[in-house]
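**Student:** Heads up: the protein sequence lines correspond to chains V, L, C, D, S, A, P and Y, in order.
So that you can map any letter, position 157 of the first sequence is 157 in the working numbering, and since no number is skipped, the others follow by simple counting.
So that you can map any letter, position 104 of the second sequence is 104 in the working numbering, and since no number is skipped, the others follow by simple counting.
So that you can map any letter, position 114 of the third sequence is 114 in the working numbering, and since no number is skipped, the others follow by simple counting.
So that you can map any letter, position 222 of the fourth sequence is 222 in the working numbering, and since no number is skipped, the others follow by simple counting.
So that you can map any letter, position 183 of the fifth sequence is 183 in the working numbering, and since no number is skipped, the others follow by simple counting.
So that you can map any letter, position 51 of the sixth sequence is 51 in the working numbering, and since no number is skipped, the others follow by simple counting.
So that you can map any letter, position 172 of the seventh sequence is 172 in the working numbering, and since no number is skipped, the others follow by simple counting.
So that you can map any letter, position 186 of the eighth sequence is 186 in the working numbering, and since no number is skipped, the others follow by simple counting.
What you were told as hints is all true, and nothing was included just to trick you.
With the Cβ distance kept under 10 Å, some of the chain L side facing chain A (calculated, not the full set):
#1 Asp11
#2 Val13
#3 Ala14
#4 Gly16
#5 Arg18
#6 Ser19
#7 Pro20
A short, non-exhaustive set of chain D residues, derived as facing chain L with CB atoms under 7 Å:
#8 Gly58
#9 Lys59
#10 Gly233
#11 Ile234
#12 Asn236
Pulled from the structure, derived: some chain A residues nowhere near chain L, Cβ distances all over 10 Å:
#13 Pro88
#14 Gly106
#15 Thr118
Calculated directly from the structure, the hints in this document are not laboratory data.
Here a beta-carbon is modelled for each residue, glycine too, at the ideal position from N, C-alpha and C.
Protein chains: 8
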Amino acid sequence: MDDPTLRQLLDDVASGVRSPDDAVARLRRLPFADLGFARVDHHRMLRQRMGEAVYAPGKSPEQCAQIVAELVAEPAGGPVLLTRAAPPQVEAALAGTPDGTVTETGALATVAWRGAPTRPGRVLVVTAGTADLPVAHECVATLDAHGLRPTLLADCGVAGVHRLLASVDELADADAVVVVAGMEGALASLVAGITPAPVVAVPVSSGYGAALEGVTALLAMHASCAAGLTVVGIDNGFGAACAVVRLLP
Amino acid sequence: MDDPTLRQLLDDVASGVRSPDDAVARLRRLPFADLGFARVDHHRMLRQRMGEAVYAPGKSPEQCAQIVAELVAEPAGGPVLLTRAAPPQVEAALAGTPDGTVTETGALATVAWRGAPTRPGRVLVVTAGTADLPVAHECVATLDAHGLRPTLLADCGVAGVHRLLASVDELADADAVVVVAGMEGALASLVAGITPAPVVAVPVSSGYGAALEGVTALLAMHASCAAGLTVVGIDNGFGAACAVVRLLP
Amino acid sequence: MDDPTLRQLLDDVASGVRSPDDAVARLRRLPFADLGFARVDHHRMLRQRMGEAVYAPGKSPEQCAQIVAELVAEPAGGPVLLTRAAPPQVEAALAGTPDGTVTETGALATVAWRGAPTRPGRVLVVTAGTADLPVAHECVATLDAHGLRPTLLADCGVAGVHRLLASVDELADADAVVVVAGMEGALASLVAGITPAPVVAVPVSSGYGAALEGVTALLAMHASCAAGLTVVGIDNGFGAACAVVRLLP
Amino acid sequence: MDDPTLRQLLDDVASGVRSPDDAVARLRRLPFADLGFARVDHHRMLRQRMGEAVYAPGKSPEQCAQIVAELVAEPAGGPVLLTRAAPPQVEAALAGTPDGTVTETGALATVAWRGAPTRPGRVLVVTAGTADLPVAHECVATLDAHGLRPTLLADCGVAGVHRLLASVDELADADAVVVVAGMEGALASLVAGITPAPVVAVPVSSGYGAALEGVTALLAMHASCAAGLTVVGIDNGFGAACAVVRLLP
Amino acid sequence: MDDPTLRQLLDDVASGVRSPDDAVARLRRLPFADLGFARVDHHRMLRQRMGEAVYAPGKSPEQCAQIVAELVAEPAGGPVLLTRAAPPQVEAALAGTPDGTVTETGALATVAWRGAPTRPGRVLVVTAGTADLPVAHECVATLDAHGLRPTLLADCGVAGVHRLLASVDELADADAVVVVAGMEGALASLVAGITPAPVVAVPVSSGYGAALEGVTALLAMHASCAAGLTVVGIDNGFGAACAVVRLLP
Amino acid sequence: MDDPTLRQLLDDVASGVRSPDDAVARLRRLPFADLGFARVDHHRMLRQRMGEAVYAPGKSPEQCAQIVAELVAEPAGGPVLLTRAAPPQVEAALAGTPDGTVTETGALATVAWRGAPTRPGRVLVVTAGTADLPVAHECVATLDAHGLRPTLLADCGVAGVHRLLASVDELADADAVVVVAGMEGALASLVAGITPAPVVAVPVSSGYGAALEGVTALLAMHASCAAGLTVVGIDNGFGAACAVVRLLP
Amino acid sequence: MDDPTLRQLLDDVASGVRSPDDAVARLRRLPFADLGFARVDHHRMLRQRMGEAVYAPGKSPEQCAQIVAELVAEPAGGPVLLTRAAPPQVEAALAGTPDGTVTETGALATVAWRGAPTRPGRVLVVTAGTADLPVAHECVATLDAHGLRPTLLADCGVAGVHRLLASVDELADADAVVVVAGMEGALASLVAGITPAPVVAVPVSSGYGAALEGVTALLAMHASCAAGLTVVGIDNGFGAACAVVRLLP
Amino acid sequence: MDDPTLRQLLDDVASGVRSPDDAVARLRRLPFADLGFARVDHHRMLRQRMGEAVYAPGKSPEQCAQIVAELVAEPAGGPVLLTRAAPPQVEAALAGTPDGTVTETGALATVAWRGAPTRPGRVLVVTAGTADLPVAHECVATLDAHGLRPTLLADCGVAGVHRLLASVDELADADAVVVVAGMEGALASLVAGITPAPVVAVPVSSGYGAALEGVTALLAMHASCAAGLTVVGIDNGFGAACAVVRLLP
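This is chain V alone, in the form it adopts within the complex:
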């Protein structure tokens, strides 16, 4: 509830258009729908310029379907995403709300409904290796649902640095870069040293040796010597996309 609305509400009380009781009720009514097991947030698009995402793990197929349907039914809402959904969850959600776009992210999938209109912004999603692709695909699908059309540069790891340098112009001209990297995560430092654009790094739980399921990459990205690099959680391609949505005009 923003300031003009609050002002209008009180004006209405002052002018007798609205009773005090009604105003109290209105002030207490918050823009979510209570499904019992979930309080669906119909306010997020206004508050955060982002759609609502349903994180599938731990929810039953029926719960996924019900929350997605509730969100898509709200006419003023933005994009609706179902993330990290297993096949039965995807099926149930699509049965209840058809016309979703499915993107495979490894064994799971991201489904998007009511994508936003295309908006400008040169976004690069760069991965260090093939094993980082599922996370990159989640990121690309989320950006796509918000109207951005990112370019994916796969397999640019630092062990063969010329593979990255081949794309140095695209990096220098980007409006935002997402770096998706497991192992030691060094690609993020390197990219942030090349481009003036905002760089969001996603540590990935792939890798071996001492990768510790992504913790090593997360720590390494935070200890990076490249100034102004920011980091999201392990495997959080969705979060990196949201960060890009926030920062592009």
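Position chains L, C, D, S, A, P and Y relative to chain V; hints supplied.
**Tutor:** Relative to the frame of chain V, chains L, C, D, S, A, P and Y by itself:
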């Protein structure tokens, strides 16, 4: 070395203006100055739109002074910062290169030379508690050197959430928000749930109980349920400022 | 064995009613039943005002059934709970001791026999997200078995803080609040800043990014800036309920 | 701002007693005092039944003095505490606001102003060893400021369990027990197995061998086999006292 | 090769009974059998007074069978144990070397061949809970194979300390005590405070809350306030038994 | 692109043999093949004297087959390895590119194509126990593909140090030694104390007690008191082999 | 209070020698002296065959002096030790209770009063390096106070394994061996593979590389492949000595 | 004692030149000097081709001086190094054994006596930043003492990758490269991707953000995607140099 320069170089060789030997030498000459103990990067302003920062810990006062002088001497350079400098380092650097602006960050200081012209952008730096102020001051000083004029909101921790809600309009209207928080770092999630702006979180090493010198806040910020929150390293107010410099137009 | 009993025992020896040998034996006889693989504690209800709970993991269905039967057979005992039981364990226990109340907690279940009479106390169980529900259900079932009738508020995570604020009056009036939250666990700090009631936080192993299977939430809750917040172990909905049973009159 | 106040505010607008503009301003005015470096929370006593505490580390003596003075100046406030204060901080605060009660907690101190009237409640603070005393003293001083008169049982560690058993009746009759223990923290499990009262455990950073500065005790207390034990952060005697204040009637 | 043997060897060379070449070869021949994938140690019984144990995980059933057969074939050897063997490994080993004694340790088993003659020594194996039994059974089986006849006291956890105190005389009179405990491992401290006997603690990977798969118990046992407690690795019932075999006369 | 090539390129431009546009294109063309999901590095053999290896986990059988085929098709390339491949990946790769040599490494396999000619160098691969063999086999297969013919010494763990001492001459004469050890990793220190050769240690994720899936061995090898010992990542038999390939002439 | 005493007590009640009230009082009177800040355990010698030790850190010199005096004043007590005492603590204790034997353990000291008569038992204390000596000296002083006369073998680290093998006969003939080792702790495995005696390992916080202040050695000793090795806490030379006192006849 | 010596010894016994008793004594005499607090290893040069190094921390100046003197007195020995020595240790050692070469490594120093003759081998020591110089200097001093003349390339961190690429030819032609890097350690991966030479990485404890005193760099280097990279312990410039000494011919 960008594409047009490379093209010109080869045209010069083709037209006989430049000999092949000279071109090889030119291609190998990279824009840094080698001081023996440091390779000073004169290219960063062009490559990254950011000034160069000298991280003082581990350097002698003389080394600090010498690197700062070398950087400020480069006419095409941008802002020059000396960060986390102890008093003798500050003194030596200012003796060699006067007119720096000193900002105290706890027992240490940030010194800035040749600040950039003021540029637009509503930036908020929000802290959870008084103990987070030294990190916030480093962030503010860095933003300031790059021409931004951030507003500092101190002591908005979630234990008295109304202190934050009092600033809800400023949060909603910001172009970028930096959240500086130790302890459990919950303020970052809360802020990112309120504003549509990009939010950069800085975990702080203050706090007790199980704060683990900032590791708890760092992990908590990465496990945040707020979409699109990004994080920099522990106590890295400088890095958060650089991230904001990257993402503002 | 409390003081009056001990006094009576010695009086009986002094008066010749009981022989010294018999008194030694009596002093050594402790109120448990030895099943060979378990020493069943018949004394807990008196000593701790709580019923006995059988933690199912690692026990065979037969062992579960046998311990439950032994406990329910004790006439002076209180509620008997079987927690985190897999379907074969539930079946075996109910076959041996019918009339248990089954509550599903994700893929497992809590079974309760001989619930305590209803007792007063406004208890809220608040969860941050849908994935926290199995732990919340274990908590609710345990409270229920001890005669409390808690209210469950689901999906109040801080990313949409208005969902929590909608329940601010219930929080302010509660006698005890249990906060069940994975991810970064920030909800606990927020709730403890709103209510004067005792707040018991349960970190949950759900979440991703850097949730580290609940360790991040546990640490964050302990580093909380909210005074007087207490914490139980990861996913320990049962323990949180017992803490509430202890603290209500 | 509670419901009746809100209702009154709107009634005033409806009856013309208050203009809408004034009401908007009133709704936005929150009960804290902004000192620039701190937002002093004058609302906590009403909201949480607890006084406000100033955590001294990281604050200058002047800041400590200023915040304490602001808090004590609020007539409707409750107890005011300055915790973990070094001698110069204690001196500055007492110079500005005399008549504080000083309790030494190792090399630091807790200072309390305007203690609450004595209230009933049998509270035990039990320590495992002499090294746990500074944390226990912080706990006792905080309880005392809130009107409780706890009994301190020092040096009851499990290596000589008869020392604890000597106090078994006091444990059984307590209304609340705080267990302060470093090393392996086993005392908390033992106490919680003896008493039906709520037990709040404080892990202490003392100890050696593999005590890991309190982390081992914290983890062990959370893995405890004693049902309903709750835990606060490492060395957080203040927090344990607040938890007791919350749970006693 | 001990001193008298070496002396004899050199005497034989001096007296011409043995050639220098033969002595060199003899000195280089070490008492193991090389099976290609394993160097079977026939010397351990002499060197360490313990039998040889084959750790089954990671070995094929055939490899288990072959190593066991080689060890049992050595006439001067002591007990032979196959530990943590899955059913196919047990079957293969018993097919090749019949007459082994099988002890179930949860889903796995310990198999023993050629047990040592019974030897004196009152050994107690005490467990905190039912979930610790598989580890305790491995310990008991290993002690048994070496001729000791331990007494198993199950389910003596500190949450009901009277269950342990019932056995206080047996503890006081024991020659050695093994404490097997998961969760917070507090039982080890308690037992070591009661008995003058050597106490070997085995942390167990059971438990929840913050048990961290046994790491919490291991750390807690090392931070114990009970003097002279020693610890073996997580779930290492075999190792605890070997420690007892070493220390009994 | 090395210096002579660059010189030739510029000479060609100077002499008019090559147009500047063509030279720019050539300078930008880097020696990899872009398969969309992978940038195959055809340059590694020249740049690093090692063949290219395809790490199978996370790749589909078809992707494995396609990358292997692309690599083997490059005539100037060196050995091609597919590592940690599951049976379907092995089958697909061999179907597309026959004549690979398969080495089993536990449940997975290493496949090698186009092995290098035999080269001199006495390399020992020493393992502590049978459970270390899969990692040792990966190491041996990789060495073999590069033309080295290592000797495998299995089961030389320090618990029976004479088993290692039996091979002391081979250790002293080796050109390089790889030590593959889980558990506490002590074998690496011991070997490095015996031989003057370079010693590369591979911590293995086998073991129990407190082996922490290889982290304990990794840390122990780095804390080793043996000077000049170097370490690769956990279970990284491939990496150890590559290190040996780098260091032998 | 042991069985015969209890029997006697009850007989006395039965025969009228003692009143029931007196018996209750007697049963409740436990053998410790309450100094307010410490409950001094006068029972430990009987219960554990060990003297009482006062751990100095965190105690004031006066507290050290007072506890030592109380313990030495008890005529039936055994050895009294003050461990890890700083010079002012040593001085205060010796001023109050002269004739203590001081052993330096690095910058701190162990002081012993009323040493036990010499008892048999060949005990070896073996250290890996010179930096382990302070811990070894604490161990030796504690053994000495209990009447044992250990032999110290310094600087036997595995990097030069022949230094250890020189003492192989002493190891084989020992009744108990304490291994004191920092760095990677490999010496403990090696010694336990050589001797049949009980081996108690003490991880030491010395070392660098990845020694993590003794945690690496502690973990490595627990992951040891040597059967029957037991471990005490980091730097706990006192605890290792107590373990030896417990296990020798 | 090598094979020919052993053969000669036995021949001497066979021929009567040496008595069996004398041979036994000889076989037991090992090549070290026992100073009581240290067993000085006179055999290392023969066994490992490296000199002996004395690690100064934890040793008194006198002990440092005595061990250095003993080592330099051995005529057949190689280089003698005193590492990480504080000023008083340096002074004492030089007073007892003059003519040592002192290299400052931050606040400490490395001192070398009796350097080996110059030997061939192009060794590069590359650092990421100025803060890594003390570790690099320890490495250079150690290489120098063994006759190698390394080239130091300072401040080549990946944030400005062109600073490294400027030295690409030296990297490609090196015989061995040591990479000294704190922060995220990415430089090691990058260098190993450029050069075919053996690369030894040294993680450094400098850095901030989430550098965790070098642990992040250590883990990152082990998770590196560059094949054949090896790693030594944190800050272990000495160890890296020894690794290079082992691997050069």
